[in-house]
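Engineer: Sequence:
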Amino acid sequence: MIKLLVILFLIMPVTSILKSFVSDYDKCYSEREDEGYAVFGCYHGLVGGSRNTNYLQEFCINCPYLVLLDREDKKDDLS
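Residue 7 is where the sequence shown starts when you use this note's numbering, and the numbers rise one by one after that.
It should be emphasised that the hints constitute simulated quantities derived from the structure, not laboratory data.
This one's a predicted model, so the numbers in the text were calculated from it and none came from an experiment.
Take the hints with a grain of salt, since some may be wrong.
[As the list claims (entries may be wrong)] Label-pair distances were calculated between CB atoms; the ranges are:
| hint | residue 1 | residue 2 | range |
| --- | --- | --- | --- |
| 1 | 55 | 23 | 16 to 24 Å |
| 2 | 67 | 8 | 45 to 53 Å |
| 3 | 75 | 14 | 44 to 52 Å |
Ideal placement from N, C-alpha and C gives every residue a C-beta, glycine not left out.
Go ahead and model the full structure; you've got the sequences and the hints to work with.
Structural biologist: Now the structure itself:
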């Protein structure tokens with residue numbers, strides 16, 4: 007029993023160190039993937055930012071998983 011407790015106390019710090027190597031973006035993406043909003047390494051971001059960020063949260067701006075949709079109302083009209 008004591009050996010088991012010693013092993014658990016040795017394993018717990020190692021797992022916390024390994025968790026620190028996972029980026030915040032990876033954590034966010036895996037949460038959105040579990041919710042069903044992200045797939046194939048692509049996600050459209052979280053709503054809640056300012057007008058300057060097109061209402062996308064500031065945290066999502068540099069996200070490697072961020073894929074923005076093309077909006078049809080922004081097409082160039084040359085006529």
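Engineer: Hint by hint, note whether the structure agrees.
Structural biologist: Structure-based check of each hint:
1. 55 - 23: 16 to 24 Å: violated, 33 Å
2. 67 - 8: 45 to 53 Å: The hinted range 45 to 53 Å holds for residue 67 and residue 8, with Cβ atoms some 51 Å apart.
3. 75 - 14: 44 to 52 Å: holds, 47 Å
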